[in-house]
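Please build the complete structure, drawing on both the sequences and the hints.
If you count by the working numbering, then the sequence shown holds residues 1 to 414, one letter each, in order.
Since the hints were derived computationally from the structure, they do not count as laboratory data. Please note that the accuracy of each hint is not assured.
Here are the simulated DSS-like cross-link-like pairs (lysine-lysine), alpha carbons at most 27 Å apart as the crow flies [said to hold, decoys possible]: (1) Lys-74 to Lys-91; (2) Lys-311 to Lys-228; (3) Lys-228 to Lys-50; (4) Lys-217 to Lys-256; (5) Lys-293 to Lys-311; (6) Lys-138 to Lys-311; (7) Lys-311 to Lys-336.
Each pair of labels, with its calculated beta carbon distance range [claimed, not checked]: (8) Val-382 to His-221: 27 to 37 Å; (9) Ala-261 to Asp-353: 24 to 34 Å; (10) Thr-125 to Met-215: 25 to 35 Å; (11) Arg-89 to Glu-58: 44 to 54 Å; (12) Asp-353 to Asn-264: 39 to 49 Å.
Beta carbons: idealized from backbone N, C-alpha and C, even for Gly.
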Amino acid sequence: MTQNDQDTTQRSQATENSLVSRITELEEENLSLWTVVGQQATDRDETRAKDTAERDAEIKTLRDVKADLEQKLKTAQQDLASVQELSERRKKEEERLLAQNAQLMRNLEGCTDRIFQMQPPKVATDEEISNAYACLRKSISDWVAGTVEELDDGFLGRSFDVELHRNGLPYLIRCPEGFNWAPLEALLLQCHIFGFIYLALLHPQRIWPGMHPEMEKLLNHIIHGLDKISPRKGLESIQMWQGDLQRALSTLVLTKNQMQARLNEIARQAMQEMASLLAEHSNVAPDWKACEKLINEAGTLALTMRESHIKYDFDFGQYNADRRSGNVMLSNDIGKFEIFDRATGQPIPRRADITSDEDGHVGRRSALVFPGLTRQSRRDEVPLVLQKPVIVVAFDHPVTRITRPKNTESVRLI
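Next comes the structure, spelled out in structure tokens:
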């Protein structure tokens, strides 16, 4: 072998050794890489397994929470249904108790009515009814005075015509020519207004203000029929029946409303009556409030009288009987009346000097302004006078009023 061959062989061997060494290094590096990759894969698997385990644990936890919430929801729904059922039962029980309470209240009202019927009725006294009538007369007087206060004397004469006479003015308005009746105009208006109120509210056949006329007519027939069956023995029971009927009507809301509506209508009619009497004085405006007040007073008086078991009457008979006898006024009769002087239109006081003739004649009755108020007496047939009639008297001689100062005595004409 030559030197060159040896060199070549050595170089080849060195190259081969170098390649083998390189291959070995590469294999070691590859092994190292695979080792790293394997470790990383193992780590990833472990991480994935851990994550999967954690996720599975979380899912299980969430499922447990869901199951718990579903159970709680179911329990809450059951509780709600139970509460609703309890609420319905309580509502039904409350409705039952309310119905029972309403029934008890109705029973109580029925018992109250029966107890009230068993007790003696509370009726007004004679003094209360007398004062109510006196207040009504004063209200009429005040209303008339307030209406005509600015008119001159003779205002009614200028308004007089045939139609007014048909409306019910007293006969005194047709006085002889030259007679001065102007001072009596206010009294004549009072007389006319009271006559209107009497027919509308205070007449015995007016059972209850606001009642339908046909019903009122029927009840009057019943009352008169009972009166004819037993005129003496059953009189008190008939009056009690009338009082019970009146009280029963007065307690109803419907009839109360009807009564007030009727009183308002009567007040409007009274205003029209006054306006027709003063037709020539269109500038005169009657006070509506005062008219409404006196009509309500008349309605209250009518109810009070009818609710009583005692028979009260407005006495026109005494004056009418005196008219048939010539309207003669005697000195002994002066105390039976409240008197106005026809010459002056002023009331006659208690302390007055009235001249009479030898036979006791002092003058003549000219007009009845207000009738008297009487009550049927329990002891005898003579009625008890609660309010004297108010009349106008034409005296034969001027009337003087006696005044008695402390130190001197004096007499002056009125």
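Quiz item: Which hint numbers does the structure go against, in order from smallest to largest?
Solution: Numbers 3, 9 - these are the hints that the structure violates, sorted from lowest upward.
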